[in-house]
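*Asks:* Here's the letter readout for the chains.
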Amino acid sequence: MTAAATGPETRRDHYDAVIVGAGWSGSLIAGRLGGQGWRVLLLEAGEGGTESWSGHLDSVSTYRSAVAKVPNSAYRHNTAAPSPDVLDLSPKKGGGYTADGYFVQDGPLPYRTDYLRALGGSGMHWLGAVPRMHADDFATGTTYGYGRDWPLTAKDLEPYYEEAERELGVAGDAAEQRKLGVVSDPDYVYPMHAIPRSHIDEHCRRIDGAEITDPMEDTRTLHVTGIPQARNSTPNPAYDRKKGYRPKGAVGLPNYGERCVGNASCVPICPAQAKSSPLRVQADLPENVTLLTRRVVTRVLRGQDTRVRGVEYRAYNDPASSVSEARSVRADIVVLAGHAIENARLLLFSELAKTSDQVGRNLMDHPTTLAWALAERSVGPYRGPGHTSGWEDFRFHGKRGERAPFRIEISNWGWSWATGAPMSNVTSALGLGGDAGGTVKPDGLLGPDLRRKLGDDIGRQLQLQIAVEQSANPKNRVTIDPSRHRDALGNPRPILTYDLDPHTRDGVYAAYRVSEKIFAALEATPYTDHKPVHGVPQLGHFRHRETDLTYQGAGHGAGTHIMGEHANDSVVDSYQRTHDHPNLYAVGCGSMPSIGTSNPTLTMSALALRSAEQIHRDLAALNQPVVVRSAAGEKEKA
Amino acid sequence: MNPVPHPVPGEVVRFVDLSVHLTGFPVFDLHATGMAEMYLDTARQQVGRSRFDEFLKALRKACAPRLGPAKLEPTDREIARAVTYLWYTGAWPRLAVAAHADLRREMANREFVVTPSAYTEGLVWSTFHGHPAGAKPPGYGTWSIEPAAPPSLAEIERECGLERKDATDHPTEEHRQDERADEAAFAAHRLPGPRVARDVPPSAVPTARAQEPEGNPA
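The listed protein sequences derive, respectively, from chains Y and D.
For the first sequence, this note's numbering gives the first residue as 18, with consecutive numbering after it.
For the second sequence, this note's numbering gives the first residue as 7, with consecutive numbering after it.
Same shape as in the complex, but just chain Y (with noise of 0.2 Å):
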């Protein structure tokens, strides 16, 4: 049951696991635990209301109604729950930048990622792109001499990316994926099949086969290949030994979203609901599992010698206002599974697993560089999911150790993220908004040649999303400051101290070397630019080997609670459970030692689902039988 802070309260002190956070981690796992029996509390700190149909038209409508359609557009501001959102930047004319949101920054660069603190979390406005992570990218510090290694390898991960794709529901093609190298078994098939190319894609195949360089020398051979996508397609009838696979719909409105229609607004919001949001999770989860929203976890709290007795929580009513009434709810399994950087928050508020130091530190996200050009004729922008294919060729092997691995997205989606096209090609070919000084323009287009011009212009655009690996640093962190950065409630703020490297920036420096190239290749006229505006350095913006270089967020927030063996360098162990808590886990992007260059919602769905294996054990290692502990329970409250 879902139950908003109106409806009725938690009816037991005590629950078996109590989870923190409703995002992809938190729901997979109170849907195994609560399939097994245990008495699951799942506390969502933000705003429910889109498992209704009517709550998600108005998020649609909201989307629609927002000047810059960024990944939080479609979901309101909660000032009881605040989410960090990418508006919240502002670059500074003689250099850095100011943040004026939920984050706090102290870095020399800024952390340009947000996520959303709402039922379904980030969950709700991904991309749903779903790549498995490869067995070269587990390693990097034994193989190549930088990052950190995994505890796990990808052959531990198989079994659990097979049930973290049939969980989200995913279109693929497993052969293209072996080819690849991330698939292994060769009799597997995704539940889907892939979904359709797009044209641009093909546009993209005709330099199949030509050999790029980058700046280290390092030489690759092209070849566009499909990405999958947690996104409703056709099912495959081979799935799962010919059992075949039904694909799960909208949420609150039957039968409907059981194929993507091309809105080509995954991100922020999928009008169809095609794209896959762990609402659907949540609709199926047993009456034994209670899900409530708007309770905002405050600490967690401690219990006899190392364990974790249950937390602490603020339920409120009024989104809008910080009005709101203290509890707290014991039980034998806590999980932390809010954002990476809200895991981290809460620990370090907290003051629980602080052996190894590394709370909060190892922040990593994948620094991503745009390039943009236009194509020579029309190809079809803003059709499709927002990717549907990239060139993968630079991710794994080679010159790796000398600069970053990047992943080569060919976005369907033009110049929307660079320059805010198709609406900026209005203002330009106008000319409207005036100059520098502020005078109207003299000249620009009206009428029929602005219309020509527009659709000559935005059919040809082509983008290329560059997301570059980062590796975990400790001295890329969250901290908190209770005594000076506190939100409305009286939680204290992230503070965030972000740079990027210079291994990384090599990989940006390459990415960027790279998208010329294949510009050239394509015979389109490269648009690119990184330099500054007016005097204005733009966002991200950094110099590197003489070259002018900006990087985006790409929301892939990990590394906060880091994953290892050993209790003096780690946070949490392969199962994600801390070293110092035997019953606390602290699930997520957040345990993440490398996150290579696969967007990390696949990985963390696997991992997620491996610790709720590993949460069973231990609960059924210290409970008597659900039935008996039933009855206790009853008593208890009574």
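I should point out that these hints are in silico values taken from the structure, not numbers from a laboratory.
Mixed in with the good hints, there may be bad ones.
Stated by the list, open to error - Below, in silico cross-link-like pairs of lysine-lysine (DSSO-like), each with a Cα-Cα straight-line distance of 27 Å or less:
id : chain 1 : residue 1 : chain 2 : residue 2
1  : D       : K63       : Y       : K458
2  : Y       : K458      : Y       : K110
3  : Y       : K492      : Y       : K416
4  : Y       : K458      : D       : K77
5  : Y       : K109      : Y       : K492
6  : Y       : K109      : Y       : K548
7  : Y       : K458      : D       : K67
8  : Y       : K548      : Y       : K534
9  : Y       : K265      : D       : K142
10 : Y       : K172      : Y       : K109
11 : D       : K77       : D       : K63
12 : Y       : K260      : Y       : K196
Given the structure of chain Y, go ahead and fit chain D onto it with the hints provided.
*Replies:* Quick look at chain D alone, frame taken from chain Y:
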């Protein structure tokens, strides 16, 4: 007098007729958005009712025989652009500071989307046979299909009833390439450049800069 009253108020009909000259879309397409009256109201609110009437007068005069930005005084020119931007995007833009000051506007000079449905009725998407992101989805797999070429200038002019005497009936692809070559010298400043931050509204994005041969822009 017509016994059946026109379903659309006369002032809206006149606004749409003039908007053909601004947008390059025929009256049918403009009425079909269902937004004409709301856009007229919005423009009047933003500019001031009497000032907007003056603008319409100046615009009517400038449309004969063919509208160009140089035929309007600077502030009228900026209003013309703002109204066109409204039709194309569903949003009222940020104006050139000089025009904002000249109009002595009391509201903040910032971009806003008029209504969620104004966004989905923006004309910009149909210039390249597209659909608004997040609305009017064309269907499964349609993104794989080669897009149709956008219409030529002559086709647009004919559709709008704005033919010029020297227009050719069916311009060849060669002709289209010529048109493009003519523009090469000033193409960059007709294209959008990078946003310095994500919070720069589309109407405040600077124009692109000319490219240097090395690829790193000047």
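*Asks:* State for each hint whether it applies.
*Replies:* Each hint tested on the structure:
Restraint check for K63 of chain D and K458 of chain Y: the C-alpha separation of about 21 Å stays at or below 27 Å, so the hint holds. For a cut-off of 27 Å, the pair hint linking K458 of chain Y to K110 of chain Y stands: about 24 Å separates their Cα positions. Simply put, K492 of chain Y and K416 of chain Y have alpha-carbon atoms about 25 Å apart, close enough for the 27 Å limit, and the pair holds. Of the supplied pair hints, the one linking K458 of chain Y and K77 of chain D holds, its CA atoms being roughly 13 Å apart against a limit of 27 Å.
A hinted pair counts as satisfied when its Cα atoms are at most 27 Å apart, and K109 of chain Y with K492 of chain Y qualifies at roughly 24 Å. At most 27 Å may separate the alpha-carbon atoms for a hinted pair to count; K109 of chain Y and K548 of chain Y meet this at roughly 14 Å. The suggested pairing of K458 of chain Y with K67 of chain D holds, with an alpha-carbon distance near 21 Å, which does not exceed 27 Å. Taken as a hint, the K548 of chain Y and K534 of chain Y pair is honoured in the structure, with Cα atoms around 19 Å apart against an allowance of 27 Å.
With a C-alpha separation of about 22 Å, the suggested pairing of K265 of chain Y with K142 of chain D holds against the 27 Å cut-off. Between K172 of chain Y and K109 of chain Y the alpha-carbon distance is near 47 Å, which puts this suggested pair outside the 27 Å criterion. Restraint check for K77 of chain D and K63 of chain D: satisfied, since their Cα atoms lie roughly 13 Å apart, inside the 27 Å limit. Proximity of K260 of chain Y to K196 of chain Y is assessed by CA-CA distance (about 25 Å); at most 27 Å being required, the pair is judged to hold.
Figure legend: structure checked against the earlier numbered hints; the only hint not met is number 10.
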